[in-house]
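Protein chains in written order, with my numbering: chain E, 13 to 376; chain V, 13 to 376; chain Z, 13 to 376.
Just so you know, these hints were derived from the structure itself, not from any lab. These figures come from a predicted structure and were not determined experimentally. You may find that some hints are simply not true.
[To be verified] Counterexamples of contact, computed for chain Z against chain E with all Cβ distances above 10 Å: (1) G20; (2) R31; (3) E71; (4) T72; (5) P100; (6) T184; (7) E238; (8) A278; (9) S291; (10) R296.
[Unchecked claim] Simulated crosslink set (SDA-like; lysine to any residue; CA at most 25 Å straight-line): (11) Z:K330 x Z:R296; (12) Z:K364 x V:N63; (13) V:K348 x Z:G93.
Quick reminder that beta carbons are idealized off the backbone N, C-alpha and C, glycines included.
Each chain is listed here by its residues.
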Amino acid sequence: MASGMTSGMTITLAELARRFGGDIVGDAEQRVGSLAPLDKADAGQLAFLANQKYLPQVETTRAGAVLISLADLEKVAARDGLNFIVTPNPYAYFARVAQAFIDLATPAAKPGVHPSASIDPGAKVAASAVIGAHVTVEAGAVIGERAKLDAGVVIGRGVKLGDDVHLYPNVTVYHGCKLGARVIVHAGAVIGADGFGFAPDFVGEGDARTGSWVKIPQVGAVDIAEDVEIGANTTIDRGAMADTVIEECVKIDNLVQIGHNCRIGAYTVIAGCAGIAGSTNIGRHCMIGGAVGIAGHVTLADHVIVTAQSGVSKSLTKPGMYTSAFPAVNHADWNKSAAIMRNLDKLRDRIKALEAALDERKGE
Amino acid sequence: MASGMTSGMTITLAELARRFGGDIVGDAEQRVGSLAPLDKADAGQLAFLANQKYLPQVETTRAGAVLISLADLEKVAARDGLNFIVTPNPYAYFARVAQAFIDLATPAAKPGVHPSASIDPGAKVAASAVIGAHVTVEAGAVIGERAKLDAGVVIGRGVKLGDDVHLYPNVTVYHGCKLGARVIVHAGAVIGADGFGFAPDFVGEGDARTGSWVKIPQVGAVDIAEDVEIGANTTIDRGAMADTVIEECVKIDNLVQIGHNCRIGAYTVIAGCAGIAGSTNIGRHCMIGGAVGIAGHVTLADHVIVTAQSGVSKSLTKPGMYTSAFPAVNHADWNKSAAIMRNLDKLRDRIKALEAALDERKGE
Amino acid sequence: MASGMTSGMTITLAELARRFGGDIVGDAEQRVGSLAPLDKADAGQLAFLANQKYLPQVETTRAGAVLISLADLEKVAARDGLNFIVTPNPYAYFARVAQAFIDLATPAAKPGVHPSASIDPGAKVAASAVIGAHVTVEAGAVIGERAKLDAGVVIGRGVKLGDDVHLYPNVTVYHGCKLGARVIVHAGAVIGADGFGFAPDFVGEGDARTGSWVKIPQVGAVDIAEDVEIGANTTIDRGAMADTVIEECVKIDNLVQIGHNCRIGAYTVIAGCAGIAGSTNIGRHCMIGGAVGIAGHVTLADHVIVTAQSGVSKSLTKPGMYTSAFPAVNHADWNKSAAIMRNLDKLRDRIKALEAALDERKGE
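Isolated chain E (complex conformation) (with noise of 0.2 Å):
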């Protein structure tokens, strides 16, 4: 566990709350180097309270200091010895910290293009940028400050990426694509790939169907927002004739495919294996649970939930949670109210059949 966690370097508290904020209560001066959780940090590690139910811990935790709440801290009553930095969010300052932690403790990429990397001579690969083992850029290509490309990475024609993207292995980008600073891409990632497109050109019915289909020319491009990160193995289709946007801070976990010219409004989370249809247009600050499927050509207002393996199939115009999965239980129990499930409308002519019958009696 957590090898990265721990770098040899410590840091005062006094010197966390200068980068990250904060309010030291106790001693400025103690050192940490790592993280852990309350019930297993030492002296020389920073924990953290998030969740109401680990308050006890407090009170006997062995950390260096601990993150904590105003309005938890109050609740810790026997605080000797104990060091607190007092933060509004002590989940994200921990975030923080933790990444600041595995930055010290990662060897630093030197920058510079790998000489088995295949750079096009019309591309332009700023000098801090790290291209890694066997990448493609094409030319056109654009690639900012200290950007990383992992080892075999494409990028396509004309792709603008911004500083400090990184690309993890294998991740492709079609041309024409555009990535905003900051964003990350894990491995097997496809960005630009054709939307799913194509005229039918059949004459006849039936088996005397003949003809094909002919594909649509997808010249639309995808443009990513700063600080998207978005999931191995996800899929996010360019344009038809404009592109598919994805604003800023939106999380796309893994496996998730999005189809041409969708737009997915600022930070909103998308989980794995969701998948959304084409020109669809999600509102910010949504969250989709995974598995979650979305029709073409709807719109989800902002602040829209939907649960996990829901299917959504026309707009859902006003916030708030939407639904349609059942959870699993014993599978005959479900099989009984299944087949039930599928002659409701006799269950419900027998009710009509009743209330006629009662009704006709009450005439006697």
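Given the coordinates of chain E, work out where chains V and Z should sit on it, guided by the hints.
Just chains V and Z now, kept in the frame of chain E:
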């Protein structure tokens, strides 16, 4: 938008009609150089009418020419100064012209093998093929005329790629698979990985179970006919004994899984995130919606449509549309219905009891 | 079909029994060189009986020998001229023999590193390993005996690969992950990408919401035990603090997503397109069907079976089969039932009203 659609070159309507068919109404010498929607096109652009609701835009468009069906042309009252190409299928015509404009605007790839590619001396690569950076082609493979293998593509032993095949970056084709002429495979797709087959070799039950899964060798391959298109990160497994077969002009979207020994009938379309288990036989001209799941060893007739997120567990022997998915509704409402759903048998029993009580009364 | 199964070399039944066990009934010197189904096998081929429904074919087969269980052999009346290898599990025996024939027929890969591969001087690669074209191995990685890394594979810093591991083309293994002996990973799979974790750091509600998602560093890794097989384009995320763990002999199909900090128990099988959210614990000997979704932070007991497309949102503490999926039916019929389903509470209320009315009548 659409930089690929403005090449600077223009073409007369007469030349379009010569290449793509259709009858010209108006000035055959009018020149167009790109495509645009009816309401945005200018005099140098070609627009099209494929949907009745845009018919009024035809009378106000400034397009250099409009692709239109004869039936629709007859509905246009004010045609002064407008030029038309009359064709039975304006949308398919549009697609073909758009592709031609793109081909004009796209720098032609130079035939030949990139110096960083690794081609086994026992492979046979057509001189007109375009082999990109870091491509690997193993022994016995045959690469057809004008085939384009983008960066990072890996072609296994004995693979046959037809003429004009285009494999986008980082596609993998396992040994022995065949791809017909003009097949397009998008980035990251995997053709011919082992099907999922293991013989249970266990003794004992429950906690006492010991043994292991024994891998069933997968010695078939994947046989893909001409004009098939396969989406990014899609996976099509090789057969166990015989081949997995994809017939001509099948179109498969991204992140689709097709199990070993499936056969997908010609002209069938499969949307993103669908999964088809092994040994299943899908007919011709079917439409499989996004995220549909189809069980193994079933058969779908020709012209079957399965709507998005539905599950098929038995053969569907008649053409038609099939469904098993619910649209998402307000979370609290759903949970209320779902709770009753899980106890539908109790609801049914109450109805039975009511029926019995009424029957009894009748007897009084 | 099955070119890989005919090597031109043959083997006696006596030799098969020596290598794979079983008792010979008939001529131990009979030679076979490949495998075939009972109804297609000739005198030089080995067939097997694993399914009672093919029992009649045993009496008419022309196979050189038949793999059969003792119980089934006793049901065969006419055995004249037939040879058998009697084994408790003919299907598993078949699988092992088939693999042996393939190994004989497949040209042995030459140990060594392809000249185009990029191996960090700080990595340790066994001399017997086979490193393909354009492979990248970073510092501190250790590659075991006879490990086979196909073209385009990328191995991160400090990865440990056991003996006889086989990674197919374009697989990515992130830094610090461990793969046990004989692990097979199919093309495009990604092991050890960052888990999906972000701390919300927002203030305000609705349109006034501002702030961002703060990435939670993922400092665990993925720890995969021996004899695991992982399908094409599957993704298994690294842990946040501790490791994601895949126990021995787990078999995972294509396009499966396994979230950070999951533990998958030994011998469990997971079919294609399934998604398992973070921190979930799946028992031993479970069977997870295709496209199943499992929520995060739940536990499945040993020997749980979840049928295809079902969703698991709570822990399943008892072995058994669980389901929540409907099979697709005629679209119009489905919509009728679905509409009633959405208003099940009204149906229930009508039943209540009927019960009340009848009760009242009773009192009359």
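So, going through the hints one by one against the coordinates:
{"no.": "1", "hint": "G20", "result": "holds, 38 Å"}
{"no.": "2", "hint": "R31", "result": "holds, 39 Å"}
{"no.": "3", "hint": "E71", "result": "holds, 38 Å"}
{"no.": "4", "hint": "T72", "result": "holds, 37 Å"}
{"no.": "5", "hint": "P100", "result": "holds, 29 Å"}
{"no.": "6", "hint": "T184", "result": "violated, 4 Å"}
{"no.": "7", "hint": "E238", "result": "holds, 21 Å"}
{"no.": "8", "hint": "A278", "result": "holds, 21 Å"}
{"no.": "9", "hint": "S291", "result": "holds, 13 Å"}
{"no.": "10", "hint": "R296", "result": "holds, 19 Å"}
{"no.": "11", "hint": "Z:K330 x Z:R296", "result": "holds, 12 Å"}
{"no.": "12", "hint": "Z:K364 x V:N63", "result": "violated, 50 Å"}
{"no.": "13", "hint": "V:K348 x Z:G93", "result": "violated, 68 Å"}
Violation of the numbered hints given earlier is confined to hints 6, 12, 13; the remaining hints are satisfied by the structure.
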